[in-house]
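Assemble the whole structure, with the sequences as input and the hints as a guide.
Those protein sequence lines, which keep their order, are chains A and B.
For the first sequence, UniProt numbering gives the first residue as 1, with consecutive numbering after it.
For the second sequence, UniProt numbering gives the first residue as 1, with consecutive numbering after it.
Treat the hints with care, since some could be wrong.
In silico DSSO-like cross-links for lysine-lysine, where the CA-CA straight-line distance does not exceed 27 Å [said to hold, decoys possible]:
| # | chain 1 | residue 1 | chain 2 | residue 2 |
| --- | --- | --- | --- | --- |
| 1 | A | Lys4 | B | Lys95 |
| 2 | A | Lys4 | B | Lys50 |
| 3 | B | Lys54 | A | Lys4 |
| 4 | B | Lys22 | A | Lys55 |
| 5 | A | Lys50 | B | Lys55 |
| 6 | B | Lys47 | A | Lys57 |
| 7 | A | Lys168 | B | Lys22 |
| 8 | A | Lys55 | B | Lys55 |
| 9 | A | Lys4 | B | Lys78 |
| 10 | B | Lys47 | A | Lys78 |
| 11 | B | Lys55 | A | Lys22 |
| 12 | B | Lys47 | A | Lys50 |
| 13 | A | Lys22 | B | Lys47 |
| 14 | B | Lys95 | A | Lys22 |
| 15 | B | Lys54 | A | Lys47 |
| 16 | A | Lys22 | B | Lys22 |
Quick list of the computed label-pair ranges, beta carbon to beta carbon [to be verified]:
| # | chain 1 | residue 1 | chain 2 | residue 2 | range |
| --- | --- | --- | --- | --- | --- |
| 17 | B | Leu153 | A | Lys22 | 47 to 57 Å |
| 18 | A | Glu33 | B | Asp143 | 32 to 42 Å |
| 19 | B | Thr184 | A | Ile187 | 41 to 51 Å |
| 20 | A | Asn107 | B | Asp73 | 22 to 32 Å |
| 21 | A | Gly193 | B | Arg189 | 50 to 60 Å |
| 22 | B | Asn107 | A | Gly193 | 51 to 61 Å |
| 23 | B | Ser125 | A | Ile37 | 20 to 30 Å |
| 24 | A | Ile37 | B | Gly108 | 32 to 42 Å |
| 25 | B | Lys22 | A | Asn107 | 54 to 64 Å |
| 26 | B | Asp145 | A | Ile37 | 27 to 37 Å |
| 27 | B | Asp73 | A | Thr117 | 52 to 62 Å |
In case anyone wonders, no lab produced these hints; they're calculated from the structure.
Heads up, the beta-carbon is just placed ideally off N, CA and C, and yes, glycines get one too.
Number of protein chains: 2
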Amino acid sequence: MATKSLERLIDEFNRLPGIGRKSAARLAFHVLEMNEIQVDRFIEALKDVKTSVKKCKTCGNFSESDYCEICSDPIRDKKIICVVEDSRDIIPLEKTNKYRGTYHVLNGKIAPLNGITPDKLNIKSLLERVAKEDVEEVIIALDPDLEGETTALYLTKLLKHFDIKVTKIASGIPMGGNIEYADTATITRALEGRTEI
Amino acid sequence: MATKSLERLIDEFNRLPGIGRKSAARLAFHVLEMNEIQVDRFIEALKDVKTSVKKCKTCGNFSESDYCEICSDPIRDKKIICVVEDSRDIIPLEKTNKYRGTYHVLNGKIAPLNGITPDKLNIKSLLERVAKEDVEEVIIALDPDLEGETTALYLTKLLKHFDIKVTKIASGIPMGGNIEYADTATITRALEGRTEI
Numbered sequence: 001m002a003t004k005s006l007e008r009l010i011d012e013f014n015r016l017p018g019i020g021r022k023s024a025a026r027l028a029f030h031v032l033e034m035n036e037i038q039v040d041r042f043i044e045a046l047k048d049v050k051t052s053v054k055k056c057k058t059c060g061n062f063s064e065s066d067y068c069e070i071c072s073d074p075i076r077d078k079k080i081i082c083v084v085e086d087s088r089d090i091i092p093l094e095k096t097n098k099y100r101g102t103y104h105v106l107n108g109k110i111a112p113l114n115g116i117t118p119d120k121l122n123i124k125s126l127l128e129r130v131a132k133e134d135v136e137e138v139i140i141a142l143d144p145d146l147e148g149e150t151t152a153l154y155l156t157k158l159l160k161h162f163d164i165k166v167t168k169i170a171s172g173i174p175m176g177g178n179i180e181y182a183d184t185a186t187i188t189r190a191l192e193g194r195t196e197i
Numbered sequence: 001m002a003t004k005s006l007e008r009l010i011d012e013f014n015r016l017p018g019i020g021r022k023s024a025a026r027l028a029f030h031v032l033e034m035n036e037i038q039v040d041r042f043i044e045a046l047k048d049v050k051t052s053v054k055k056c057k058t059c060g061n062f063s064e065s066d067y068c069e070i071c072s073d074p075i076r077d078k079k080i081i082c083v084v085e086d087s088r089d090i091i092p093l094e095k096t097n098k099y100r101g102t103y104h105v106l107n108g109k110i111a112p113l114n115g116i117t118p119d120k121l122n123i124k125s126l127l128e129r130v131a132k133e134d135v136e137e138v139i140i141a142l143d144p145d146l147e148g149e150t151t152a153l154y155l156t157k158l159l160k161h162f163d164i165k166v167t168k169i170a171s172g173i174p175m176g177g178n179i180e181y182a183d184t185a186t187i188t189r190a191l192e193g194r195t196e197i
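Written as C-alpha cells, this is what we have:
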C-alpha cells in the first residue's frame with residue numbers, strides 16, 4: 001500500500017501528459033529506489049528549467065538568453081522564417097540538418113472552438129519581423145490538420161501584403177509508408193503535390 | 001531546439017523507467033508550461049518521498065512511520081501473512097478488498113544468475129515472524145515465472161518446519177482471457193488447479 005507522500009508523488013506524476021495511474025506508481029516507486037544524489041539532480045533540473053528558460057524576443061522559441069541560439073547564430077539565414085506551432089516542432093526540423101533559416105513560434109494553432117483566436121497567437125510579432133527585417137520567404141510548417149490548415153490560410157492572407165514568398169511544407173505519403181493503407185485525404189494531397197522527376 | 005537546461009531535464013526524465021527520449025521531451029516541455037506553484041509542488045513531492053518514506057520494521061513495506069499502516073492496523077488479521085516480491089505488489093492485492101491479513105515484502109525473487117541469492121532477500125525476517133508471532137498461514141503471492149516459482153519452492157521448504165499452512169495464489173487463465181490464445185504453461189496450470197463447482 002502506498003504511503004501518503006508516495007500517494008502524493010504518484011498524483012504528481014499522474015498529472016503529467018501521457019502518464020497514467022499505473023505508470024505514475026511505477027515512476028514514484030522508482031524515485032524511492034533512487035539515491036539522494038539522483039533525486040537531487042532531478043530536482044535541480046526541474047528548478048533550472050523554470051528559472052533559466054525564457055522565450056526568445058525574436059522568434060518566441062525557448063531560450064536561456066534574450067535571443068535563442070538559432071536567432072543569435074550569425075550563420076543562420078535570416079531571410080527565411082519557418083513558422084511552427086510550438087518550440088517542440090523545431091527539434092525534428094533541426095534534426096534534418098537541411099534547414100538553415102530561422103523560426104517563428106506561433107504558440108498554437110487557430111481553433112476558435114477551443115478559444116484560440118488569432119490574437120492569442122504570436123502572429124503580430126511575425127508580421128513585425130517580416131515588415132522590419134529583410135525577409136524573402138516564410139515557410140509554414142504546421143500540422144496538416146483542420147486547425148493547421150486554417151492557420152496556414154489565415155497567415156497566407158496576411159503575408160500576401162508583403163513582397164515575399166509564402167510556402168507550405170509538403171504533405172503526402174510518409175517515407176516508408178504504404179499507399180494501400182493511406183487515407184483518402186493524404187492520397188489526395190500527395191497527388192495534388194506531385195513533383196516532376 | 002532545446003536549451004541546455006531543457007536538455008538536462010529531458011535526460012532526467014529519460015532516466016526513469018519506461019520513459020523514452022520522445023516522452024521525456026514531451027514531459028520536459030510540459031514542465032516549462034507548468035506554473036511555479038505546480039513545479040514547486042512536484043519538487044516537494046519528490047523531496048518528501050525521499051525524506052519521509054522508510055521501511056516497515058515488521059514487513060518491509062514502505063511506511064512513513066516505524067510500522068506500516070497495515071501492520072499497525074488492529075483490524076488486520078496478524079495470523080495470515082501474504083508474501084510478495086515488493087511493495088508495489090501490495091497495491092493490486094489491497095484493491096481487491098478481499099485480503100485482511102498482513103504482508104511480507106521479500107524485496108525481490110531468487111535469481112542466482114542476477115546475483116540475487118536467498119540471503120539478499122527478507123527471508124530471515126519472515127522466518128522470525130513465523131517463529132515469534134502466532135501465524136497460521138503464509139500465502140505466497142509471487143509472479144508465476146521461473147524466479148517466482150523457485151522462490152516459492154525455497155520458502156515452502158523453510159516454512160515446512162513450522163506448524164503452519166503454506167499456500168500459493170492460483171495461476172490460470174486470467175479473467176476475461178481467452179483459452180484459445182492462452183499459452184500451454186498457463187493452460188496446464190489452469191487444469192492442475194481446477195476446482196470443483
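Structure-based check of all given hints:
1. A distance of roughly 16 Å separates the Cα atoms of lysine 4 of chain A and lysine 95 of chain B; the hinted pair therefore holds under the 27 Å criterion.
2. About 12 Å separates the Cα atoms of lysine 4 of chain A and lysine 50 of chain B, which keeps this hinted pair within 27 Å; it holds.
3. For the proposed pair lysine 54 of chain B and lysine 4 of chain A, the alpha carbon gap of about 12 Å is at most 27 Å, so the pair holds.
4. A distance of roughly 22 Å separates the Cα atoms of lysine 22 of chain B and lysine 55 of chain A; the hinted pair therefore holds under the 27 Å criterion.
5. Pair hint lysine 50 of chain A plus lysine 55 of chain B does not hold up; C-alpha atoms about 33 Å apart against a cutoff of 27 Å.
6. Of the supplied pair hints, the one linking lysine 47 of chain B and lysine 57 of chain A is violated, its CA atoms being roughly 35 Å apart against a limit of 27 Å.
7. With a C-alpha separation of about 25 Å, the suggested pairing of lysine 168 of chain A with lysine 22 of chain B holds against the 27 Å cut-off.
8. Restraint check for lysine 55 of chain A and lysine 55 of chain B: not satisfied, since their Cα atoms lie roughly 44 Å apart, outside the 27 Å limit.
9. Restraint check for lysine 4 of chain A and lysine 78 of chain B: satisfied, since their Cα atoms lie roughly 23 Å apart, inside the 27 Å limit.
10. Pair hint lysine 47 of chain B plus lysine 78 of chain A does not hold up; C-alpha atoms about 45 Å apart against a cutoff of 27 Å.
11. Taking the CA atoms of lysine 55 of chain B and lysine 22 of chain A, the gap is near 22 Å; set against the 27 Å cutoff, the hint holds.
12. The suggested pairing of lysine 47 of chain B with lysine 50 of chain A holds, with an alpha-carbon distance near 17 Å, which does not exceed 27 Å.
13. Taking the CA atoms of lysine 22 of chain A and lysine 47 of chain B, the gap is near 21 Å; set against the 27 Å cutoff, the hint holds.
14. Of the pairs offered as hints, the one joining lysine 95 of chain B and lysine 22 of chain A holds, with about 13 Å between alpha carbons and a cut-off of 27 Å not exceeded.
15. The suggested pairing of lysine 54 of chain B with lysine 47 of chain A holds, with an alpha-carbon distance near 26 Å, which does not exceed 27 Å.
16. With a C-alpha separation of about 19 Å, the suggested pairing of lysine 22 of chain A with lysine 22 of chain B holds against the 27 Å cut-off.
17. Between leucine 153 of chain B and lysine 22 of chain A, the C-beta spacing of about 30 Å breaks the proposed range 47 to 57 Å.
18. At about 18 Å, the CB distance of glutamate 33 of chain A to aspartate 143 of chain B disagrees with the hint of 32 to 42 Å.
19. At about 45 Å, the beta-carbon gap between threonine 184 of chain B and isoleucine 187 of chain A stays in the expected band of 41 to 51 Å.
20. For the pair asparagine 107 of chain A and aspartate 73 of chain B, the supplied restraint of 22 to 32 Å is violated, since their beta-carbon distance comes to about 51 Å.
21. Under the hint 50 to 60 Å, the C-beta atoms of glycine 193 of chain A and arginine 189 of chain B, about 57 Å apart, fit the expected range.
22. Range check, asparagine 107 of chain B to glycine 193 of chain A: about 59 Å between beta-carbon atoms, so the 51 to 61 Å window is met.
23. Roughly 28 Å separates the CB atoms of serine 125 of chain B and isoleucine 37 of chain A, a value that falls within the hinted 20 to 30 Å.
24. A beta carbon spacing of about 23 Å between isoleucine 37 of chain A and glycine 108 of chain B contradicts the range 32 to 42 Å that was offered as a hint.
25. The beta-carbon spacing between lysine 22 of chain B and asparagine 107 of chain A, approximately 21 Å, falls outside the hinted interval of 54 to 64 Å.
26. Distance hint for aspartate 145 of chain B and isoleucine 37 of chain A: a CB-CB separation of about 33 Å, consistent with the stated range 27 to 37 Å.
27. Take aspartate 73 of chain B and threonine 117 of chain A: their Cβ atoms lie about 55 Å apart, and the range 52 to 62 Å holds.
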